[in-house]
Structure formats: C-alpha cells, structure tokens
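Construct the complete structure from the given sequences, taking the supplied hints into account.
Heads up: the sequence lines are chains A and B, in that order. In this text, residue positions in the first sequence follow the numbering used here: the first is 34, and each later residue adds one. In this text, residue positions in the second sequence follow the numbering used here: the first is 34, and each later residue adds one.
Please keep in mind that the hints were generated in silico from the structure rather than gathered at the bench. One should not assume that every hint holds.
Copies of the same chain are indistinguishable here, so a pair counts whether it falls within one copy or spans any two.
Stated by the list, open to error - Computed cross-link-like contacts, DSSO-like style, restricted to lysine-lysine with a CA-CA straight-line distance of at most 30 Å: (1) K156 <-> K63; (2) K190 <-> K126; (3) K194 <-> K156; (4) K156 <-> K190; (5) K194 <-> K72; (6) K63 <-> K305; (7) K126 <-> K72.
Since the structure is predicted, the reported quantities are computational estimates derived from the model, not experimental observations.
Letter by letter, the chains look like this.
2 protein chains.
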Amino acid sequence: MNMVANLPKHGPLVAIGGAEDKTQETAILKQVLTLSGRKAPVVGVITTASAIPQEVFEGYEAVFTALDAGEVLDIRIRERADAADEGFVAMVKRADVIFISGGDQMRLTNILGGSAVLEAIRKRHAEGAVVAGTSAGAACQSATMVYGGAADDSLRKGAVKMAAGFGLVEGVIIDTHFLERGRFSRLMEVGATNPEFLGVGIGEDAAVLFDGDTILAFGPGHVILVDSSNITGSNVFELDDGEAVTVHNVTMHALVDGYGYSLSDRQVLGPKELGAQSLERRIAYT
Amino acid sequence: MNMVANLPKHGPLVAIGGAEDKTQETAILKQVLTLSGRKAPVVGVITTASAIPQEVFEGYEAVFTALDAGEVLDIRIRERADAADEGFVAMVKRADVIFISGGDQMRLTNILGGSAVLEAIRKRHAEGAVVAGTSAGAACQSATMVYGGAADDSLRKGAVKMAAGFGLVEGVIIDTHFLERGRFSRLMEVGATNPEFLGVGIGEDAAVLFDGDTILAFGPGHVILVDSSNITGSNVFELDDGEAVTVHNVTMHALVDGYGYSLSDRQVLGPKELGAQSLERRIAYT
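Below you can see the structure in the form of structure tokens.
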C-alpha cells in the first residue's frame, strides 16, 4: 500500500506544531540540531510551503546560525522543475538536518511529490539524518495528511480535507496549531474515517520526536493524542456529505515535555517508564 | 456539600450551546416548549446574563409567541434587589417554562445566587416545570460552572476559571459554544481537576436534555462528552499555576441528535438502546 513501508528509517523525525514565538521555538530547534549528533551540523531549509520564502529562510538562517549550525543551505524549491534539480539534490545529500518550513502543505506535496529531492530526503533520513518540520512541514510527514477543514465545521462528513503526504512516519496522522485553533474535532473525524491511525495534534509551542515505536513530546506546549482504535460506534459510513458525525469512546491524552507514548501498546509513557529512552538521556548520549 | 443534592427534580432541564442562527435554535426552542406538556405554555424569560436585555427579550418573545406560547413573561432582573422582588417570584411561579438567556454567567450567579427568585426556580423545577438556558444560561446549570479561560491557554494549571453554579444537575460540568471555540482543552483541564464530573460540551446549534440518569442530545449540532473517570495519570497537583497539565486516557464521545448517554453506566446510548426514552418518543407521549 505505502511505497515507503519497508524502507528502514534510522534518522530522527521531528514534527513541530508551528510557533509564532520564535524564542520558544528556538528551544525546540536547539533540540532538533542536537539530535543530529554533530557539533556543527549542516542544515538544509526547505521553504517550498511558504509564500514568502526569502523572509522565512532568513529567519531560520539567523536562528540556526545562532545555534551553531556549521552551514545553513537555502533549498529554494518553488516549482516541480526545481524539485528535480541536481543542485538541490546535492544540498539534501550534504544536510545533517533537513528542515521543512510552514506554509501550505499542499504546495509541499504538489511540488515535491514523486521528485528526486523527496527521494533524496528519504534516503538521507534512512541514512540517519534528522528530518524536522513545523506546521505544514509537520503535517506533510504522515502517509495521509490533513490539509484543510475549519475546526467549527468538522465532524461533518467530508469537512476535513485529507490527501496523501510524504509517509515519513507510519500509523499516525499529524495536525498542528492544535490547541490554538481548537482542532480536536478534526482529528475525531479523521479517527472515525479510519480508527487505525493515531491522531497526533501538536500545539504551537510543542514538538514530537518519532523514535521508532515511541513518540516523545518536547517543548513548552501540549501534544494531544487522539486514539480512535477503541471506538465502539460511529454513523460515519451511513451519512451523506455534510451530515453530523457521531463517534463513541475516543481516547485522548494531553502530553507535555518529558512524556511519551508507545504506538504498539497504545499507552502513555511517563518520565519514569521512558527512562533511558527520554529525550534528555537520548541527547546526553549522542 | 451541595445544598440541592437531595431535592427531587422532576422537571426537564435543557442546556443549549448558544446559537447565532435563530432558525436553527427555533427547532430546539420548539422542543423546549413541547417538553412542558402544555398546549400554550407560559414562558418566563430571564435576561439577567445579558447586557442588552430589551433586545434579547424581544427576540425570544417573538420566537416563543410564534411557537404558540400562551404568554411570555419578561423577568427583568438586573440587580440583587430585583432577585428578591415578589413580583418576579410570582412570575416564576406561573411559568411552565423558565428560559435563561445568554450573556455572562457570572452575572447570573452573582445576581441570582441565594435569592428568592432562584429558590422559586428550583421549586418550579421540582414541581415539573421546564428549565432551559442557552450559553451562559446553560453553563450556570451545573454545581460547578466554567466561566472563563481562553481555549488556547487552557491545560495550563489555573487557566480555566470555575465558580459555583446553580446546581440544577448533578455529576456534570457544562461548557458551551464548544466546537466553535475549540474548548476541548478546557474540559480536559476541568476533568483533570476532578475526574468525577462528566464534561458536557455543547455546540452552538445543539442541546441536551438532562433526564434523570440519561443525557439526550438534540438539535442539528454536536454534543461532546469528556469522560475523565478512567484517567490513568496527570501531573495537575504537582504544578504551579500556569504550568502545562498532562492527562492520560480521557474518553470522548461526539453525540448527535437521537443519541444519548447513561451517566451511571458511562456509556453512549444509540437510537436503538434509547427506544422509548428517546426525545421523539418522549414528546409523542407527553
């Protein structure tokens, strides 16, 4: 089903909920660089999602430089032809951290989908490079991505708009700006359409690290997990578009920094259970 | 603990999530009048919560008159002295339906708390009268009421503001404008502070009827139930004010018209399980 299902994925994958407050996000971005295990990592910034790539790149260039990046590469892909460009492929190959900015996730999949650059990103990720993204750059990471649907219209059949994402992580569907835009009902609708996938709702000043079977929350904000695997009823398949969806027994968890989740056990892991797997310990030993 | 815990409560209690669209709410208000079991019920409208009582009263007077109310009483209580007024007490005693408008729920509890009019409302409710309220008029119905806290700030200890409500219904805490203002995190925080209470989050075009042990959803919108009774962990008591709250294994249900919930079994009831208890059947036999 999923073309990348059997590829090994050794690099850390980080999804950030988007952040207006760059001071907060800097704490998260610092962790992202640290996860590369390099003292002066090469960071490649992909601003394809954004309508103002120059401004966005300059912002990240300043932050990453301040955080001791060895080099910050401007992977300025604006159209599908750019995504086939050997120069950009070479930049991805050199990057220790590939950072995908916010904007419109549909631009990301439309421009990068099936491209040489995306192929290079997957290869670098498999080789151990960090892939991280914020907002649209986070939403695109799951195999099926959410790209639209007003929160106050959702839980109406068809209200939440989904499309194929990059498939960098299995078993989850990612949503961002989650508490700030009240998107709980979006992931409840997503869960009703297919309870197999864990909804990962990331707040604006929060992030998750996908670490194999474990999801680790970090940053000052919240990560809300929406587990629909035990739902006992829903009318979703009986409805016409726009009709009100009912769904029963959705399990939710609010995680904060230091907490994690086991995807196979569908269980929250506290700081004690995480032990050596915690981000702090993990970083201390890289 | 709760002064009204042992009073019998025989009248229907209806909480409405607030509605901009009066056409939608009319469908709900029609059901409210029908629940009185009278052909031309006397409706008493309490606009204490509102800053524009004249406008609000005229709106409801027109709607209720169109819905064949026998009389619409303007219970214009603006300060605590009014709430002791025998004329207003007499109006409440005559009302088959007592309707509490939206506005600021703190005005309701501050002005009506401990008053002769509130005592009269409780007595009429116990005798069988319908009590219904929308927005602030719904939030005030639980023993502990939510009166503030921005949704995007909640799940921070102390962010959700609570105070003592009217205690017309046991075991729940009511929130309104729920999907429209993304208030899921508010009721998650409320549940973490005391998991005994079921969070009832009512959307703007939705309503619930509290019918003894059963909650019945009606209207075109959604009712979200937030059940924290099985939460397995939270850090809420370890935190200082403003720190991020974690909470694990919150159960949520999205109900639509025709669905209900058993408070004692903590279980969703579908149209089949509800059978004769459903609102349609209930109204057909009144």
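Here is what the structure says about each hint:
In this homomeric assembly, K156 and K63 come within 30 Å of each other (Cα to Cα) only inside a single copy, at 24 Å, whereas the closest approach across copies is 62 Å. In this assembly of identical chains, the alpha carbons of K190 and K126 never lie at most 30 Å apart, being 42 Å within a copy and 45 Å across copies at closest. In this assembly of identical chains, K194 and K156 lie within 30 Å of each other by CA distance solely inside one copy; the values are 29 Å within and 50 Å between copies. Taking CA atoms no more than 30 Å apart as the test, K156 paired with K190 passes in neither setting, with 37 Å inside one copy and 43 Å between copies.
For the identical chains of this complex, K194 and K72 are neighbours neither inside a copy (41 Å) nor across copies (46 Å), given an alpha-carbon limit of 30 Å. In this homomeric assembly, K63 and K305 come within 30 Å of each other (Cα to Cα) only inside a single copy, at 24 Å, whereas the closest approach across copies is 55 Å. Taking the shortest alpha-carbon separations for K126 and K72, only the intra-copy value of 18 Å comes in at or below 30 Å, while the best inter-copy value is 77 Å.
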